[in-house]
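With the sequences and hints as input, model every part of the structure.
Residue 2 is where the sequence shown starts when you use the numbering used here, and the numbers rise one by one after that.
Any given hint could turn out to be false.
Restraint ranges, calculated between C-beta atoms of paired labels, are given here [unchecked claim]: (1) Arg45 with Ala8: 32 to 38 Å; (2) Leu36 with Arg12: 33 to 39 Å; (3) Tyr19 with Arg45: 18 to 24 Å.
Hint data in this document are derived by calculation from the structure and do not stem from the laboratory.
For glycine and all other residues, C-beta sits at the position ideal for the given N, C-alpha and C.
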Amino acid sequence: MPVTPVAPAARREFRESYERLRRYFIVALLHRDFLAGRLPDIARARAREAAEQAGRARAAGLGFEHQPDSRAGPNDR
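Here you go:
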């Protein structure tokens, strides 16, 4: 299947949107558990599931290449 010029940009936009939504969802779960005084088991399970899915996608050749943020983070050296 030929790759159109729009495909890389669309894939990048989809990936970024998905990541923002995933982060928001996990943070919302953590906040809910914190307010209820519970251990964050659901958020922990969802984060683990997201990492496993990303690993399977990478192994299948989906090809999400790392693109660092424009700002330096605490772990950047």
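Comparing the hints with the structure gives:
1. A beta carbon spacing of about 35 Å between Arg45 and Ala8 agrees with the range 32 to 38 Å that was offered as a hint.
2. Taking 33 to 39 Å as the suggested C-beta distance range, the pair Leu36 and Arg12 conforms, at roughly 37 Å.
3. Distance hint check for Tyr19 and Arg45: the Cβ-Cβ separation is about 20 Å, which falls inside the suggested range of 18 to 24 Å.
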